[in-house]
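Trainee: Heads up: the sequence lines are chains B and S, in that order.
Under our numbering, the residues of the first sequence are numbered 11 to 422, in order.
Under our numbering, the residues of the second sequence are numbered 11 to 422, in order.
Read the hints as simulated data drawn from the structure, not as lab findings.
It is possible that some hints are incorrect.
As the list claims (entries may be wrong) - Calculated cross-link-like contacts (lysine to aspartate or glutamate; reagent style EDC-like; alpha-carbon spacing at most 20 Å):
{"no.": "1", "chain 1": "B", "residue 1": "Lys154", "chain 2": "B", "residue 2": "Glu93"}
{"no.": "2", "chain 1": "S", "residue 1": "Lys60", "chain 2": "S", "residue 2": "Glu198"}
{"no.": "3", "chain 1": "S", "residue 1": "Lys60", "chain 2": "S", "residue 2": "Asp71"}
{"no.": "4", "chain 1": "B", "residue 1": "Lys154", "chain 2": "B", "residue 2": "Glu224"}
{"no.": "5", "chain 1": "B", "residue 1": "Lys60", "chain 2": "S", "residue 2": "Glu65"}
{"no.": "6", "chain 1": "S", "residue 1": "Lys60", "chain 2": "S", "residue 2": "Glu93"}
{"no.": "7", "chain 1": "S", "residue 1": "Lys167", "chain 2": "B", "residue 2": "Asp355"}
{"no.": "8", "chain 1": "S", "residue 1": "Lys154", "chain 2": "S", "residue 2": "Asp200"}
{"no.": "9", "chain 1": "S", "residue 1": "Lys60", "chain 2": "B", "residue 2": "Glu65"}
{"no.": "10", "chain 1": "B", "residue 1": "Lys167", "chain 2": "S", "residue 2": "Asp398"}
{"no.": "11", "chain 1": "B", "residue 1": "Lys60", "chain 2": "B", "residue 2": "Glu89"}
{"no.": "12", "chain 1": "B", "residue 1": "Lys167", "chain 2": "B", "residue 2": "Glu65"}
{"no.": "13", "chain 1": "S", "residue 1": "Lys167", "chain 2": "B", "residue 2": "Glu93"}
{"no.": "14", "chain 1": "S", "residue 1": "Lys154", "chain 2": "S", "residue 2": "Asp71"}
{"no.": "15", "chain 1": "S", "residue 1": "Lys60", "chain 2": "S", "residue 2": "Glu100"}
Unchecked claim - Some residues of chain S that are not near chain B, with every Cβ distance over 10 Å (derived):
{"no.": "16", "residue": "Ala179"}
{"no.": "17", "residue": "Cys220"}
{"no.": "18", "residue": "Glu234"}
{"no.": "19", "residue": "Thr235"}
{"no.": "20", "residue": "Asp386"}
{"no.": "21", "residue": "Thr388"}
{"no.": "22", "residue": "Ser389"}
{"no.": "23", "residue": "Arg403"}
Quantities reported herein were computed from a predicted structural model and do not represent experimental measurements.
From the three backbone atoms N, C-alpha and C, an ideal C-beta is built for every residue, glycine too.
So you can see what is in the structure, the chains are spelled out below.
Protein chains: 2
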Amino acid sequence: MIAEILSVGTELLMGQIANTDAQYLSRRLAELGISLYRHTVVGDNPGRVKAALLEALRRADLVVTTGGLGPTEDDLTKEAVAEAFGLPLELHAPSLRAIESFMAKGNYPMAENNRRQAMMPRGATVLENPVGTAPGCIVESGGKTVAVLPGPPRELKAMFEAGLAPWLARRSDMCLESRYLRTAGVRESDLENRLRDLFHSGNPTLALYCAPGEVTARITARAETPDAARALLEPVEAEIRRRLGDRVYGEGMDLTPEAVVFRLLDERRQTVSFAESCTAGLLPARLVDVPGASRVLGESHVTYSDEAKHRVLGVRRETLAQFTAVSAQCAVEMAEGARRISGADWAASTTGYAGPGPADDGTPAGTVYIAVAGRDGTSVRECHFPGDRAFVRALAATAAFDMLRVALLEAR
Amino acid sequence: MIAEILSVGTELLMGQIANTDAQYLSRRLAELGISLYRHTVVGDNPGRVKAALLEALRRADLVVTTGGLGPTEDDLTKEAVAEAFGLPLELHAPSLRAIESFMAKGNYPMAENNRRQAMMPRGATVLENPVGTAPGCIVESGGKTVAVLPGPPRELKAMFEAGLAPWLARRSDMCLESRYLRTAGVRESDLENRLRDLFHSGNPTLALYCAPGEVTARITARAETPDAARALLEPVEAEIRRRLGDRVYGEGMDLTPEAVVFRLLDERRQTVSFAESCTAGLLPARLVDVPGASRVLGESHVTYSDEAKHRVLGVRRETLAQFTAVSAQCAVEMAEGARRISGADWAASTTGYAGPGPADDGTPAGTVYIAVAGRDGTSVRECHFPGDRAFVRALAATAAFDMLRVALLEAR
């Protein structure tokens, strides 16, 4: 089955938001073995929505639309789908009752424009919205299918999982299996050179993706059953792991260095604390994204001023005077101070200039010192990260987790 | 001038990344007065890239491509552009020298596949890549223009700003002006009802965008000069501000509640500190995204365990025993403790259950207490946020900044 995604929303064409709906659907359609060939985004314009829909229906068996189902006046996707298939819109009474009940529960007034959300193309399979007002639908005609989903990401995900995914799973005839081998601190062209000959295979396919501080090797195999796809995939995965060794920090599309650090700590029933200057909260914020983080994190401190570095963490005034706060010495004392005051098994610290612009003493933006303190001592690294303020901070956080991962593995 | 964006990358169709390149370009093209009608994403497939390019060229005057310029074997955009225009690819010697120099500076080996990056369609205007190896280009033929940009967001932005934006600014014949009126804690349908009659104007246009915990009203006017566009826009902006009052926390596409809090603090030369449980680092991480944050933030503490709440912030053991850590009482003592130990003028605290699943005592996920302590006392709010763990934490952080904003305004 060949699919396309059609997203409707002037906010996408104005760049107000990124198309994360298309990203989510892409991943889930791949997992269902559906081949996705295109994303299209058009604005809230009835003529252009209908034209894009008709084009997509010429190329694909399934078109999944996102957006244009809300109560506001610029929402128009269902109308375009009904017109494209030559179907009238009719009031769907159960949807109207569901909308009324949703509004009543939240103590929101039922507006006239909420009633429009209960209009459906004749004969459509209605998809309930478990977390919002706008229902979606599936319309089938002439061998083609359009699935209409809402734009707000929470509603899209809930409706996809509860309604569309089970419907599609019953119709899919091919399985894709993918592996995502994750590396941190390795260049794309370096990986490309190590894996060059593996790019020529048609099945499984191999591709490299870059994200800040990370490169991922994706391997995807296609077959009629999950088992057959895995049998094609596994020898290629083993070969790549052999070539890359411990450069691979783990496997999984959603895996992060912090999730690996969490797992290593949790397995050993150990704890960590952080002492941050330039990353200022990113390290605990990222670690706590992993459910269960309270088992490995008790406390964490942002010491942005020199005064706080001394008072909270015990960094010596002489260290700050002699080497400044952006120094290997300060990073070491921050990590050791955080480990001491928290009683944690491990501590990591960051101190640096995230920019914009160089420091008063001429130290360039992107200079960051990262230290990791453990039972057996403290290691420290001087890093020079490219990019703007947010990018430098994100790279520093990724590097701190990767340093912690390596320290945990070496302490095994 | 009508434009479309064509993004090339199987990683987009697999959902590995969101199309943030298209978002960035959309915003910048709008600022340049270029009407953007469509985004298209296709995979790394030469036939489908070429077909999508030819279709886009039939509809638009300008097609901006992103991706498919890297050294790896799946990169093929320039080839497709050359074929679409019937032009040969030729070695561009200055680009080859720039790539060699970039690789030498970073101490990277020059790979054979890096040389392919210096091949350009004949007659193209080459766009230098200030932060990476892949140069881009502008190709003009038969009244149509294709601009070829790299996929990695840092490289895309740098090349757009240094090369393509100045080139386009010289050719643009129409200006768009937009205002983004930002609200936090207001429902979309509530705003829609207050502004209903204003949606019918053709110029300026009005649209509402939702993000976690926020709704933005965008007003966009189109005219031949920036002044004329502003003259159309300003009366509508004034009317919306009159209707929404202090629900509007500020104006700007990139504005955030934390940037407003930073500005209010900085104007008064006041400081803030945080005591976080469930948000665990998000508050300082978001505040420090604002350049100059060191003037208003000295330190911040994550106290995830009860033990840390008591030891670091001085929350009384009786409070924790009687009310638990997820209580208004605990939030108040956390905020007051953070204000006391830091010496800051203000402190905000968060404590709650982000999920997944309810707490052991049955308190549902999404229950969060937020307190703000200042010179004149402490206020506290009980919140019930929907959604998953990351969503609850993000909403709690937004609500904490909005509470702090209101407290700052009331203390004026």
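Trainee: So, for every hint listed, does it hold in this structure?
Mentor: Hints and how they fare:
| no. | hint | verdict |
| --- | --- | --- |
| 1 | B:Lys154 x B:Glu93 | holds, 15 Å |
| 2 | S:Lys60 x S:Glu198 | violated, 40 Å |
| 3 | S:Lys60 x S:Asp71 | holds, 17 Å |
| 4 | B:Lys154 x B:Glu224 | violated, 40 Å |
| 5 | B:Lys60 x S:Glu65 | holds, 16 Å |
| 6 | S:Lys60 x S:Glu93 | holds, 8 Å |
| 7 | S:Lys167 x B:Asp355 | violated, 42 Å |
| 8 | S:Lys154 x S:Asp200 | violated, 44 Å |
| 9 | S:Lys60 x B:Glu65 | holds, 16 Å |
| 10 | B:Lys167 x S:Asp398 | holds, 11 Å |
| 11 | B:Lys60 x B:Glu89 | holds, 9 Å |
| 12 | B:Lys167 x B:Glu65 | violated, 26 Å |
| 13 | S:Lys167 x B:Glu93 | violated, 40 Å |
| 14 | S:Lys154 x S:Asp71 | holds, 5 Å |
| 15 | S:Lys60 x S:Glu100 | holds, 19 Å |
| 16 | Ala179 | holds, 17 Å |
| 17 | Cys220 | violated, 6 Å |
| 18 | Glu234 | holds, 20 Å |
| 19 | Thr235 | holds, 20 Å |
| 20 | Asp386 | holds, 25 Å |
| 21 | Thr388 | holds, 21 Å |
| 22 | Ser389 | holds, 23 Å |
| 23 | Arg403 | violated, 8 Å |
The structure does not agree with the numbered hints 2, 4, 7, 8, 12, 13, 17 and 23 stated previously, though it agrees with the rest.
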